[in-house]
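Build out the structure end to end from the sequences listed, making use of the hints.
Order-wise, the sequence lines are chains A and B.
The first sequence stops at residue 352 when you use the numbering used here, and every number in between is there.
The second sequence stops at residue 577 when you use the numbering used here, and every number in between is there.
Think of the hints as simulated: they come from the structure by calculation, not from any bench.
Yeah, the Cβ is synthetic: ideal placement off N, Cα and C, and Gly gets one too.
The reader is advised that the hints may include incorrect statements.
Reference listing, derived: stretches of chain A covered by chain B, where coverage requires no fewer than 3 residues with Cβ under 8 angstroms from a Cβ of chain B [unchecked claim]:
no.: 1; region: 131-142
no.: 2; region: 201-213
Not everything, but these chain B residues come out facing chain A in the computed CB check (under 8 angstroms) [unchecked claim]:
no.: 3; residue: Ile-475
no.: 4; residue: Lys-476
no.: 5; residue: Ala-477
no.: 6; residue: Gly-481
no.: 7; residue: Ala-486
no.: 8; residue: Trp-571
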Amino acid sequence: MIMDDLRKKSLLFFHNVYKVYDRKVVLDDIDLAVGSGEIVTVVGPSGCGKSTLLRLILGHEFPTSGLMLIEGKDVGLADSTRGIVYQKYSLFPHRTVLGNVVEGPRLSLGFFERFRRKQELIDEATHYLEKVHLADHLHKYPHELSGGMRQRVAIAQSIIMKPKILLMDEPFGALDPGTRESMQMFLLELWEELGMTIFFVTHDLEEAVFLGTRLLALSQYYTDDRGNDKNINRGAKIVCDHALPQVAQSTVVKETAEFGQLIQQIRRDGFDPEYLQHAKDFNLNHPHSYQTLSEEECRQ
Amino acid sequence: MDRISKFWGLHAEPPKKLRIFLTLMPFIVLITVYLAASDYRHRQNPSDKLLPTVSKMYDSMKNAAFTKHKRTGTYQLWSDTGASLKRIGIGLGTSAICGLLLGLHLGLLPGIRGLFLPFITFMSIIPPLAILPILFIVFGVDEMAKIMLIFIGTFPIITRDIYLAVKKIPREQVIKALTLGASQFAVAYRVIMPQIMPRLTDTIRLNMGPAWLFLIASEAIAATSGIGYRIFLVRRYLAMDIIIPYVLWIVMIGFFADWGLRKLVHIKYSWYLVSGD
Numbered sequence: 053m054i055m056d057d058l059r060k061k062s063l064l065f066f067h068n069v070y071k072v073y074d075r076k077v078v079l080d081d082i083d084l085a086v087g088s089g090e091i092v093t094v095v096g097p098s099g100c101g102k103s104t105l106l107r108l109i110l111g112h113e114f115p116t117s118g119l120m121l122i123e124g125k126d127v128g129l130a131d132s133t134r135g136i137v138y139q140k141y142s143l144f145p146h147r148t149v150l151g152n153v154v155e156g157p158r159l160s161l162g163f164f165e166r167f168r169r170k171q172e173l174i175d176e177a178t179h180y181l182e183k184v185h186l187a188d189h190l191h192k193y194p195h196e197l198s199g200g201m202r203q204r205v206a207i208a209q210s211i212i213m214k215p216k217i218l219l220m221d222e223p224f225g226a227l228d229p230g231t232r233e234s235m236q237m238f239l240l241e242l243w244e245e246l247g248m249t250i251f252f253v254t255h256d257l258e259e260a261v262f263l264g265t266r267l268l269a270l271s272q273y274y275t276d277d278r279g280n281d282k283n284i285n286r287g288a289k290i291v292c293d294h295a296l297p298q299v300a301q302s303t304v305v306k307e308t309a310e311f312g313q314l315i316q317q318i319r320r321d322g323f324d325p326e327y328l329q330h331a332k333d334f335n336l337n338h339p340h341s342y343q344t345l346s347e348e349e350c351r352q
Numbered sequence: 301m302d303r304i305s306k307f308w309g310l311h312a313e314p315p316k317k318l319r320i321f322l323t324l325m326p327f328i329v330l331i332t333v334y335l336a337a338s339d340y341r342h343r344q345n346p347s348d349k350l351l352p353t354v355s356k357m358y359d360s361m362k363n364a365a366f367t368k369h370k371r372t373g374t375y376q377l378w379s380d381t382g383a384s385l386k387r388i389g390i391g392l393g394t395s396a397i398c399g400l401l402l403g404l405h406l407g408l409l410p411g412i413r414g415l416f417l418p419f420i421t422f423m424s425i426i427p428p429l430a431i432l433p434i435l436f437i438v439f440g441v442d443e444m445a446k447i448m449l450i451f452i453g454t455f456p457i458i459t460r461d462i463y464l465a466v467k468k469i470p471r472e473q474v475i476k477a478l479t480l481g482a483s484q485f486a487v488a489y490r491v492i493m494p495q496i497m498p499r500l501t502d503t504i505r506l507n508m509g510p511a512w513l514f515l516i517a518s519e520a521i522a523a524t525s526g527i528g529y530r531i532f533l534v535r536r537y538l539a540m541d542i543i544i545p546y547v548l549w550i551v552m553i554g555f556f557a558d559w560g561l562r563k564l565v566h567i568k569y570s571w572y573l574v575s576g577d
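Right, here's the structure in full:
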């Protein structure tokens, strides 16, 4: 069966995942399989639950029901299998740039090991800081850095742990447009070099289409066989799932007609409260995409 | 537009010389008024005890600091200061350590919070001086009761302050540390604790005032040495020439302790003063 096959070879596998706060359904029957090496970008209207989805993968919150696996193992509590870059609060304010990056490898070491391997750890951290072009700022504190530099430190701090999946929660959301674009290019270069798997939540459609090798739109604007009554407690589903080019491109691509068309299409499918597709007609054209609708949602 | 005022109003920009003058002004006024009043009273009655002259206070203090006391064989000022500083140091020190540990765990662990937070809140409302007699009965009139009073008076406040500081650290920092491979133990002691050390220093600074209050109150009631003991002892002879310099001496010790702790934060925790959004 397709599902079992996907379950085996996927890095990240969700099956019938629900998240309910009090009585409000936020995530409604999410099915998702992600292969390794992808940059999955997630967009959706505000409050649709994209950050909740990310926190479920992170192990910050737990699903109300459903199956969530990373490499076949239950997702469980937050640990070093995943890395996280937040919009802010990623860095420890009391550590320097170098201290922040060294912190990861150090935290899992015992007291004496930390001293014995000090130089080795510093060399490794410096190597990663060179990769993010911050070798000149090793001894500055986070508050002395610009927004873009801070996010680069946060990325180095995460990738030094070699996580199976790097989660990013609107990491460039607070940056000015110029810095934002250069950070996007920088992230793509790093991705081409290291081949990590990235799960990237953003509210910026253009950013999502530009960065992603796969784009998911999460939205509560859809319909299904449960009807359109006001009392139906519906949460967000993945309403479209696009495969995007696998290579990093220059920012020129943002000007092309195709790029614009795709954005228009996603805007209609995911962001338009008037445009309600039926759950069985979602545009799920990515090869790893699968969907299991319940009896209620889709009566045969 | 009007010229910006040097002193009055929201937009005042006092120049440097004026700022120094403003700082010194109240002190100069206080000292002048005292000297004038003292001089006036001495002209009326040369043996006035209420507002002693500067030379009288100087002589008394020189005697207290540099003459061996006939009966005890000690230098009075230094033995008083030593005894008081020991009490306040042990009392405030243990309450800082206990407050740090309890506050940290209250902030991080929901179980511990459920167990202790309402209790600590209840405890912190008890006026410490109201239970001073209980302390003397339980711990005797020796050092222990005095240290316990300082401890009980400052511990709940330090604990609650540290607890609030820990609660204010974004949850994201804890999750971040876990993704960096930290154990729960490491999150508490290697990620969160170093971040609240400067706050602890600030809390100690603010609690020095109450600590002195409790120290002097307990020394006034039952002691054989200490700054508070001395002040209350010589009160019987209206010895203002001892009381006033002793109070100034407390102010000086307090000022330098405060200044030292503030410098410590500046040097060791430079990130603390400027970071934070």
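Each hint tested on the structure:
Counting residues of the region 131-142 of chain A whose CB lies closer than 8 angstroms to any CB of chain B gives 9, which reaches the minimum of 3, so the coverage claim holds. Check on the region 201-213 of chain A: 3 of its residues sit with their Cβ under 8 angstroms from a Cβ of chain B, so the three-residue criterion for coverage holds. Hint status for Ile-475 (chain B) relative to chain A: holds, with the closest Cβ pair at about 5 angstroms, below 8 angstroms. Taking 8 angstroms as the C-beta contact cut-off toward chain A, the hint placing Lys-476 (chain B) at the interface holds, the least distance being around 6 angstroms.
Evaluation of the Ala-477 (chain B) hint against chain A yields a held restraint, the C-beta minimum of about 7 angstroms falling below 8 angstroms. The restraint placing Gly-481 (chain B) at the interface with chain A holds, with a minimum CB-CB distance near 4 angstroms, inside the 8 angstroms limit. With a least beta-carbon distance of about 5 angstroms to chain A, the hint placing Ala-486 (chain B) at the interface is held under the 8 angstroms criterion. For Trp-571 (chain B), the interface hint holds, since its Cβ comes within 8 angstroms of a Cβ in chain A; the closest pair sits about 5 angstroms apart.
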